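Produce the complete structure using the sequences and hints provided.
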Amino acid sequence: MISAPDSSPVPEVRLLTEPAGQVADLVTTAEGLAQCAATLAAGSGPVSVDAERAHGFRYSTRAYLIQLRRDGAPTFLVDPIPFRVGNAEADLSPLMTGLKGEWILHAASQDLPCLTQVGLAPTQLFDTELAGRLLGYPRVSLGTLTEELLGVQLLKEHSAADWSTRPLPDSWTAYAALDVELLSELRDVLALQLEESGKSEWARQEFAHLVEHATDPTPEKVEPWRRTSGMHQVRTARAMNVVRELWTARDALARELDRSPGKILPDKAISEAALALRTADRDSLRGLSGFQRRQARRFESNWLAALDRAFSASEKDLPRLQRRHDGPPQPKSWPRRHPEAAARLDRTKAHVQQLSEDLSVPPENLLTPDTLRRLAWQPPKQVSDETVDAFLAEHGARQWQRELLAGPLARLL
Numbered sequence: 000m001i002s003a004p005d006s007s008p009v010p011e012v013r014l015l016t017e018p019a020g021q022v023a024d025l026v027t028t029a030e031g032l033a034q035c036a037a038t039l040a041a042g043s044g045p046v047s048v049d050a051e052r053a054h055g056f057r058y059s060t061r062a063y064l065i066q067l068r069r070d071g072a073p074t075f076l077v078d079p080i081p082f083r084v085g086n087a088e089a090d091l092s093p094l095m096t097g098l099k100g101e102w103i104l105h106a107a108s109q110d111l112p113c114l115t116q117v118g119l120a121p122t123q124l125f126d127t128e129l130a131g132r133l134l135g136y137p138r139v140s141l142g143t144l145t146e147e148l149l150g151v152q153l154l155k156e157h158s159a160a161d162w163s164t165r166p167l168p169d170s171w172t173a174y175a176a177l178d179v180e181l182l183s184e185l186r187d188v189l190a191l192q193l194e195e196s197g198k199s200e201w202a203r204q205e206f207a208h209l210v211e212h213a214t215d216p217t218p219e220k221v222e223p224w225r226r227t228s229g230m231h232q233v234r235t236a237r238a239m240n241v242v243r244e245l246w247t248a249r250d251a252l253a254r255e256l257d258r259s260p261g262k263i264l265p266d267k268a269i270s271e272a273a274l275a276l277r278t279a280d281r282d283s284l285r286g287l288s289g290f291q292r293r294q295a296r297r298f299e300s301n302w303l304a305a306l307d308r309a310f311s312a313s314e315k316d317l318p319r320l321q322r323r324h325d326g327p328p329q330p331k332s333w334p335r336r337h338p339e340a341a342a343r344l345d346r347t348k349a350h351v352q353q354l355s356e357d358l359s360v361p362p363e364n365l366l367t368p369d370t371l372r373r374l375a376w377q378p379p380k381q382v383s384d385e386t387v388d389a390f391l392a393e394h395g396a397r398q399w400q401r402e403l404l405a406g407p408l409a410r411l412l
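Residue numbering for the sequence shown follows numbering that gives the first Met the number 0, beginning at 0 and increasing consecutively.
Since the hints were made in silico from the structure, they are not lab data.
No farther apart than 27 Å at their CA atoms in a straight line, the calculated lysine-lysine pairs in the DSS-like style are these:
1. K331 to K220
2. K348 to K331
3. K348 to K380
4. K262 to K155
Derived CB-CB ranges, DEER-like:
5. G395 to R346: 14 to 24 Å
6. G286 to A349: 44 to 54 Å
7. A33 to P328: 51 to 61 Å
8. D384 to D24: 50 to 60 Å
9. A33 to G406: 46 to 56 Å
10. G71 to A304: 57 to 67 Å
This one's a predicted model, so the numbers in the text were calculated from it and none came from an experiment. Even for Gly, the Cβ is constructed at its ideal location relative to N, Cα and C.
And the structure:
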């Protein structure tokens, strides 16, 4: 049994309100970018990397600020926006000469898409959040880990800021610099704990997997309109069509304006319209609370056109009541319709849960729930350690996960 590291609080926690090291002037020009790359290249050790997006304010997932720190160099803050040409994303690839070697990120899977979008991709990395998960820490935010392991509380007052704001306030840039101030020190503590707990190789494989897939395109979501809040109350195909058409109209506007969809029209307004309206009537639409906001009224013609499409569509063009699945159906239907598959899922899920507790690793980090469901739903025709191992590999499981699970799961199928 591998026990979790001692996560007792470090005494005398101090609040860090500003970077201790030098922070260079905001990089906004090609000359500044070249100087940043040269200075970082002359530094030593891994590079701490972070990115700020404008989630909740903008439609795009682009980075609006990139923070870089390396021993022997000041902290650099790079503004990608001045490097954009027209609608094209910024090209910050000249920075790569200064970013060779290991990158340290916290929650790399969140930042890598916006970093690769501007031409920055690691060849080696260490993810402090993922390391914390493998070590069994119950809370793995950057602030929590730095407080528990380093005795330092990070100022987080601008964590929900609109980073697309220009010019950036000085207090915001100071906050942003703090996000990379302690990453290297935190990485060293976590790396030692991974080694002591026998999990270094697990982490190495996880980090290598992130690097291998860093530039993969984001998978397109299937029928994303079905995720609209309040959708569970919509029962008819016609009402679902209202949701689909309003969601699609809102999404087109949000993309065009680069605004968060919820800032244009809240989900609640869409589901409210689906439940209340039976025709594309202007007065009825204005009677709904969600469409009385100034921003929603601004695009009233778009909503009415969407409603007209929703109500005029033929029966054959209406959406299905149930979501299309490229895999097994929802497990809640298995006990009644597919009892053998349900029994397999119960057995294998219980094993993964027990292993999770024994190893102090979250079950989803041992094996994704989707992979486990697919295995229970349709196991290999000839079940063996080898065929289950091949199945897990095909669905992206790393070697360390397969070594732990392939044999036991084969015997439970």
